[in-house]
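Just need the whole structure built from these sequences, with the hints factored in.
There are 2 protein chains.
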Amino acid sequence: MAPQISTRARQMPPSPIRKLMPLAVSARRRGIDVFALNIGQPDLETPEPMLARLGTFADKTFAYTPSEGTEAYLDFLQEYYRSIGYELTRNQIVGTTGGSEAILFALCATTNPGDDVLVVEPFYTNYRSFATMAGVRLVALTSSGEDGFHLPGPAAWDAALTPKTKAVILCNPNNPTGTVYAKDELERLAAFCAKHDLFLIADEVYREFVYDGRHARSALGLEEIADHVVVVDSLSKRYSACGIRIGCLVTRNEAVWQAALRMAQGRLSAPGLAQWVALGARELGSGYFQSVVNEYQRRRDLLYEGLRAIPGVFLRKPEGAFYTVTRLPVDDADDFARWMLQEFEHEGRTVMMAPAGGFYATPGLGKDEVRIAYVLKRANLESAIEVLAAGLEAYPGRRES
Amino acid sequence: MAPQISTRARQMPPSPIRKLMPLAVSARRRGIDVFALNIGQPDLETPEPMLARLGTFADKTFAYTPSEGTEAYLDFLQEYYRSIGYELTRNQIVGTTGGSEAILFALCATTNPGDDVLVVEPFYTNYRSFATMAGVRLVALTSSGEDGFHLPGPAAWDAALTPKTKAVILCNPNNPTGTVYAKDELERLAAFCAKHDLFLIADEVYREFVYDGRHARSALGLEEIADHVVVVDSLSKRYSACGIRIGCLVTRNEAVWQAALRMAQGRLSAPGLAQWVALGARELGSGYFQSVVNEYQRRRDLLYEGLRAIPGVFLRKPEGAFYTVTRLPVDDADDFARWMLQEFEHEGRTVMMAPAGGFYATPGLGKDEVRIAYVLKRANLESAIEVLAAGLEAYPGRRES
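Line order of the protein sequences matches chains A and B. Once you know that position 335 of the first sequence is 548 in our numbering, the rest is easy, because the numbers rise by one and skip nothing. Once you know that position 364 of the second sequence is 577 in our numbering, the rest is easy, because the numbers rise by one and skip nothing.
Please keep in mind that the hints were generated in silico from the structure rather than gathered at the bench. Everything hinted at is true.
Since the list can't tell identical chains apart, any single copy or any two copies may satisfy a pair.
With a straight-line Cα cutoff of 20 angstroms, these simulated DMTMM-like cross-link-like pairs (lysine to aspartate or glutamate) come out:
{"#": "1", "residue 1": "Lys530", "residue 2": "Glu518"}
{"#": "2", "residue 1": "Lys590", "residue 2": "Glu421"}
{"#": "3", "residue 1": "Lys580", "residue 2": "Glu613"}
{"#": "4", "residue 1": "Lys273", "residue 2": "Glu258"}
{"#": "5", "residue 1": "Lys273", "residue 2": "Glu496"}
{"#": "6", "residue 1": "Lys232", "residue 2": "Asp548"}
{"#": "7", "residue 1": "Lys590", "residue 2": "Asp272"}
{"#": "8", "residue 1": "Lys232", "residue 2": "Glu284"}
{"#": "9", "residue 1": "Lys590", "residue 2": "Asp246"}
None of these values were measured; they are calculated from a predicted model.
Written out as C-alpha cells, the structure is:
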C-alpha cells in the first residue's frame, strides 16, 4: 500500500491559470485558433540586447554562481533601483529564481508554519501555492470590482487580524485586478503594518506597467516602515523574459536579508544563464519602458472599450499591470471557460480565460468573473473580444439581465 | 521597531560549504592561490554539444515553458531513464530547477510541518535548509567513518522512528561521504519503509559517479516499494553544468506526482534556457560517462593515497560521488579551516575545505572532520594535498596522536 501524501500536498491548488491548457491543446488539434488570454505571457519580443547575450557567453563550464547572484547581476540590480530612486547596498538584495522564489523566501523569512498572512482578494493565485508549501494560512480581505478593487477600509483590516498574523502580501500594480494603489492607501497600510508589527511583502513585478500617467509607488518608499518591507521583484514581465527565471528579493531588514541569503545558499544558485542574459538590459535606451507601456496602454484601451460594449459585462478601467478581473453574465465562469474551449468556436476561433474563482480564498467568490490578460497584439485582442462576445451570446448558461 | 523574523528563518543554517568564501576572497586578494576543495563544482568543461546549444536558440521571446518541463526536455529525460533501465511515463516526471527544487517538492509532498524525516548523518547539509523551510525535523542516524559510512543496523532505524516519521531521505552515491550503498543495504531499507509506511526520497544526482566497477542501484529498482519512492535528480554533476539549474523529480506514486506538478505550476516554470541546453546531452557518445568516471577515479585514487599518507589523517576509500569525509588530527576542524585561509600559506598557496560539523544534525559530531571534494585537476589536487599536509604540520591546534 502506498503511503499517503501530506495534507499540504492535497491542499496544493491546481493552477486556475494553467488548468484549462489540456482543453486548449485539444481545441488546437481540432484546428481551432485559441487566443490565450489566460496567462501573463507577453507576445512582445525580449529586447535584442538581451537575446544577443547568448552569443557572448564564453565560459566553457556552466558553473554555480554565487548564491546571492553574480557580481555583475547584483550591480545591474543596484543600477536599476538607483534609476527608480532607491540606493540599495549589496546587503539588501538577493538574486532569486524569478519572483516566485522570492515570494517563497519572503514567506519563510517572516512566518512559521501555522501563521497567518493577510492578502486582498482577488489575489495572484500562486500565493496560495507558496503559502501551502510554507504551511501558512492566507487570510483574505475582499475587494470589490465596483471600487476598482482598491483596498478595503480600516475596519476590514482590523477584523482580519489574528494573534498569528505576521505579514501582509500586496501586489502593486496588481495581478489579477490591474489596480494601482494610491499614495494614501499605501500610507494607511504602512501605518497598519507599523501598528501591528507586520511585515509587508510587496510584489512589484509590474512596477513599470502603469497607465494614464500614473506612478506605481514602491514600498521601498515607505520610509516609516523601511525595515518591515520585503520587495519581491522579477525581470519576467519588465523585459518580456518570463522563461529565463530571474528576479530578486529586496529588503532593508538585515535579519530578513540574512535569512534569505541562507535560503539562497541552500539551493546553491539562481540560473546562471538568466543572470547573464539580464545584463543585456543595461544597453536598452531610456525610451524602452515608455514604448512598452504605450503599447500595453493601447491594448488596455482596446480591451476595456471592447469588453464594456458587450451586454452584461462589467469592469473598471485597469490602471496598471496587464490584467483585468471582469464580471461576465454567467453563473459559473469555470463552466463558461470550459465550454468556450470544448463546445464553442466562432469562425474557427475561440478564447481561453482564467476563471477568477481560483484568485479568491473565500469560497464562492469570483464565480462570475474571469481574469483576462491583455498580452496579445491588438489585432488578436480585437478578434478575441469578438469571439468572446459571440460566445457569451451563444452560451446556454448565460444569465438574463 | 522592526518585526521579528520567523523561528525557521533564525534556524536556517548558513552553508558550511560556502561560509568560508569571504575568507578565501581575502586570501586571494593577498595574492594567495586557494584550492577550492569545499564545493562540488567540477572543473570539467560542460560537454561541447551542450555549450553549442546556446548558439541555436532562435526564439525571439524567452517565454514560460510548461510547468512540468518542455516536451523535448521530458523526452530527453525519458530517454535517459530508459538508457539506465527504467521505462517512465510522462505522468511520473516533473522537471525542476535543479535537484534542489526537487528536494523541496519531495519534502512538501510527503510531509506536513512538524513531521519527521530520517536521514543518515553525515548528510548533504542543504537538506537541513529545505527541511527548515518546510517546517520538518530531520532525525539523524549516525554512520561511522570506520564502516565507510554505510547504513546503521536495524536497531538504529527502529530507535529513530517516531509517530511523526513520514519519509527517509538517502543520497546514493552519497554526498558527503562517497559511500555507494550495497544491494542488501537498500533492500533492508526498502523493507523498513514498506513496514512503516514511509516514503523513500532518493537523491541520486551522482548516479554515474561510481568507481572500481561498482554499480549505483537506483531506488527506481526497488519494485516492492515502487510507490514509496521519490527520486531527486539533477543534470548539474552528470554533465558538469551546475549553474544552469535543471533537474527533475521522478515518482511512480501518482498522488506525489500530481502534488509535485501543482507545486511546479505555482512557480510557473523551470529555467527555459537550461532545458534547451540539456538537449545537447543527446549528442554525447556512449563513452562520455566512462571517460568522466575514469577521470574522477584517478582523482579519487590520488586524493585517497595522498591523504592517508598524512600522519593522523583517517579516511576509507570513497566508493562514489566525488567527496570524502576525512578525519583530521585536529580538535576543531572549523578553526583549522579558518586558520588555513586566514593565517597559513605554503609557497603562496592554501586550501579551502568544508568543516564537517555542518553535515551532522547531532551537535558535537564531525568536529574533527572535513568534507573534501575532488573536483580539481590532478596537478591541483596534488598541490592541495601537499599544502594540507604542510598546514596540518604547522597548525598550533594539531592533536597529538
